[in-house]
Every structure is written in C-alpha cells, then in structure tokens.
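Participant: Each chain is listed here by its residues.
There are 2 protein chains.
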Amino acid sequence: MSSPTISSSTSSLPPWRSIISGALHRNRSLPASRYLQLATVDQRGRPANRTVVFRGWRDPESQLQFVTDGRSALRESAGTSKAEEIAKNPWAEVCWYFPKTREQFRIAGKLQLIDARSTDGQPERQAAWNQMSEAGKVQFYWPLPGAIRTMEDFGEHELTLAPAADFCLLLLSPLMVDRLELRGNPQSRSRYCLLDNQEWSIESINP
Amino acid sequence: MSSPTISSSTSSLPPWRSIISGALHRNRSLPASRYLQLATVDQRGRPANRTVVFRGWRDPESQLQFVTDGRSALRESAGTSKAEEIAKNPWAEVCWYFPKTREQFRIAGKLQLIDARSTDGQPERQAAWNQMSEAGKVQFYWPLPGAIRTMEDFGEHELTLAPAADFCLLLLSPLMVDRLELRGNPQSRSRYCLLDNQEWSIESINP
Chain C
0 MSSPTISSST SSLPPWRSII SGALHRNRSL PASRYLQLAT VDQRGRPANR
50 TVVFRGWRDP ESQLQFVTDG RSALRESAGT SKAEEIAKNP WAEVCWYFPK
100 TREQFRIAGK LQLIDARSTD GQPERQAAWN QMSEAGKVQF YWPLPGAIRT
150 MEDFGEHELT LAPAADFCLL LLSPLMVDRL ELRGNPQSRS RYCLLDNQEW
200 SIESINP
Chain X
0 MSSPTISSST SSLPPWRSII SGALHRNRSL PASRYLQLAT VDQRGRPANR
50 TVVFRGWRDP ESQLQFVTDG RSALRESAGT SKAEEIAKNP WAEVCWYFPK
100 TREQFRIAGK LQLIDARSTD GQPERQAAWN QMSEAGKVQF YWPLPGAIRT
150 MEDFGEHELT LAPAADFCLL LLSPLMVDRL ELRGNPQSRS RYCLLDNQEW
200 SIESINP
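As given, the protein sequences belong to chains C and X, one line each in that order. So for the first sequence, numbering that gives the first Met the number 0 puts the first residue at 0; every next one is plus one. So for the second sequence, numbering that gives the first Met the number 0 puts the first residue at 0; every next one is plus one.
Calculated from the structure, these hints are not laboratory results. Hints may contain errors.
To be verified - Pairs of lysine-lysine, BS3-like flavour, derived with a Cα cap of 30 angstroms:
hint, chain 1, residue 1, chain 2, residue 2
1, C, K136, C, K109
2, X, K87, C, K99
3, C, K87, X, K87
4, C, K136, X, K99
5, C, K109, X, K87
6, C, K87, C, K136
7, X, K109, X, K136
8, X, K99, X, K109
9, X, K136, C, K87
Unchecked claim - What follows is a set of in silico ranges between Cβ atoms, one per label pair, in the way DEER data are often shown:
hint, chain 1, residue 1, chain 2, residue 2, range
10, C, S11, X, K87, 32 to 42 angstroms
11, X, S11, C, S80, 32 to 42 angstroms
12, C, H24, X, R25, 41 to 51 angstroms
13, X, L158, C, R116, 31 to 41 angstroms
Built from N, CA and C at the ideal position, the CB exists for glycine as well.
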C-alpha cells in the first residue's frame, strides 16, 4: 500500500480547488450547479440539511462563502440564534452534486458566522451584500423566517448601502474533501485531507 | 394566529406525499431529480452528507427507500458498522431540491437499516435487489468502499437471485417535512409535522 501523495507546499491553493472550479465551469449552463446542500448538527444532536448558494471563495484559506439570515436558527424550533448554534458545534459537511459532469464533492469542515456584531470579516460581509440582487436583499427585511405565515408585508423595502442587520456571511473552512466521479467503470474517488502542517494529502480510494 | 390545519385521518397517505410525487413527475426529464442529499450524525457528533437515490415509497408508512453498502460506515474513519451507527443515532434529514420546478423538501425523521441479518423487511430488501441494474448489483462485490485504491478486481461478478451479503435497504420514516417553493414573490413555504395521534399538521410559514 502506497503512502498518500502530499501536495506541493509551494502552491498557494489546495489541490481540490481547481477541480471544483473546473466542475463549476463545465456545469455553468445549469444555474442549480451553484446550489449545494449544507448539513449541520442541532443542539439535540440531530442533523439539519438545507440548500445554500455558493457565493465564491474567500482567500487565502479557500473558505466557501454562503449568506444566511441570522434570524433563522439552524433549527427553528430550538429557540437559539444561529451564531450560538454554530459556536457550540461548528462542524458541517456540504454535499455538492454536479448533474452534467456527474461528480460529487463532499466537503467537511468548520463554520464561522460573520454577523453585524463580528469584529472580523466586515469588509467581506459588505462585499457579499453588494453582490446580492435587490430581490435577494429585500428578503432580509421580511417577517421572521419559519414563523407562522401572516398577512404582513413582503413587499418592497428601501435598501441602504450597508448590509441589513440580520444579513450574515457564513464561511466554511474545508478540512476534508471527498470527490466521486460517477462516470467511468469503476468510478474514480479521491480523498483530500488537511494535515497539521497545513499541506493536503491526496489518496485514491475505492468508490 | 390560526391553529395549524390537521389533515384528514381518513386519508391513508400523508398530505405531503402527493406533492412530492407531483414534483417527481414534473421533474422526470431530469434523471438527477431522483437524487437527494442524506445528512446523518456520526459518533463524534459531526454531520455527514451524501447523495442517495430515491428508490420509492414503502407503505403503509410512506417511508423513503434507499439502498446502501453495509461495509461503508456512515463515516469511514469511525471504524464502526453502518448498522451500529444508525442504531446509536437514527436521526436523519434529507434535502431534496427539484431544479425544474424550483422547490425544496427537507424531510426529517429516523432511519432503519435492513441488512442480511434483519428479521424484518427481507421481502422489501429482496425486491430492492431485484430492481437494481447489473452494473449496480456488481458494485456490492467490489473491494471495500473508502479503502485505499488497489489494483483489485472491479470487474464482472456472477450475480445470484439473492441479494449480495452487504446489500442493505435503508428506510427513512418522516416526522417533519418542510416544503419551500422558490417560484413566486414572496416564496411559499409549508411545514408538516407528524402528531402523536399519527395525523399530520400543516402550517403555512414565512419563507
């Protein structure tokens, strides 16, 4: 059995990143190729799983960026804030399936939430707000997500340059990436792990 | 604030099932519409998330059916069997996104694994095996999933009428269904919960 390959430390980007970028490019005709499923664990120890939109990389750590409404707890019924839940259990795994090229990436790592009170990451939060459409921005002024629907106002709202108070940037720092290519017989599968020295190991594994 | 609607107890099927069946029908031109993401929690309390194929309903409980290889632990590195992990924490949440109709179903519930040793569910396990393609069946005779890739045989294998020893049927019993329709402004969102009397409550909630 051979030792895993270690990616070159001279490269500034992790070895899996160009592969995901290539998948995004080859699947660009499908708008849903930027949608992926984010799994977390709630305070009862149960999984939660929802679709999120990939909003680009945050360098230099190649974190995945998402946006989220701070009012919606990761599990609405738990009665705690999203920031509290993430601080207690930051672990997450996203599953990203690309239908056109038939490949799946599972990315496990830790989450960090940047909300209006965060001392770190405000420039990135502002940049993410700037990139939202008007229709996307206005939702952060709508009634409480997950609450019983009322006849409250879901209409227009005057938008400001500054992010809405509940607009949050969510960052995922990858620690393990599992890539499965369904094309081919047998399928190809690779596992990338972040080592203590911050280099990435690469292993070819059985599908 | 109005009380949630209670579905009629005379109906044999839960009220969300015909809605999912309708989504499956309207998205049938996309083969990936039968793919969904299954999140579980491993023994370290971390989420795991992977794509699975919907293999139909198991009545009368409207359980979702999947198939899985019993040799691949829910998290390979944990060193325990899939059956052991599921017995310790049966909670799961699937996220099912339909790209054509732009609707998402989050289905939370408990898993049950039917393997070769199960006293219950062998007819359903056999039926699921019968419905597998030859290419799908042969994978259950391949080398250990997730192990370092070797030059071992990934080729043909003589198939028998009986399921492969590691072929498992995985059942999800829904307890909560959250449906989000992205079309429309504002979007529509409904939550269905299984009550103690085995009826389903239906609530319209804020997106």
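Participant: Tell me, in ascending order, the numbers of any earlier hints that this structure violates.
Facilitator: 2, 9, 12, 13
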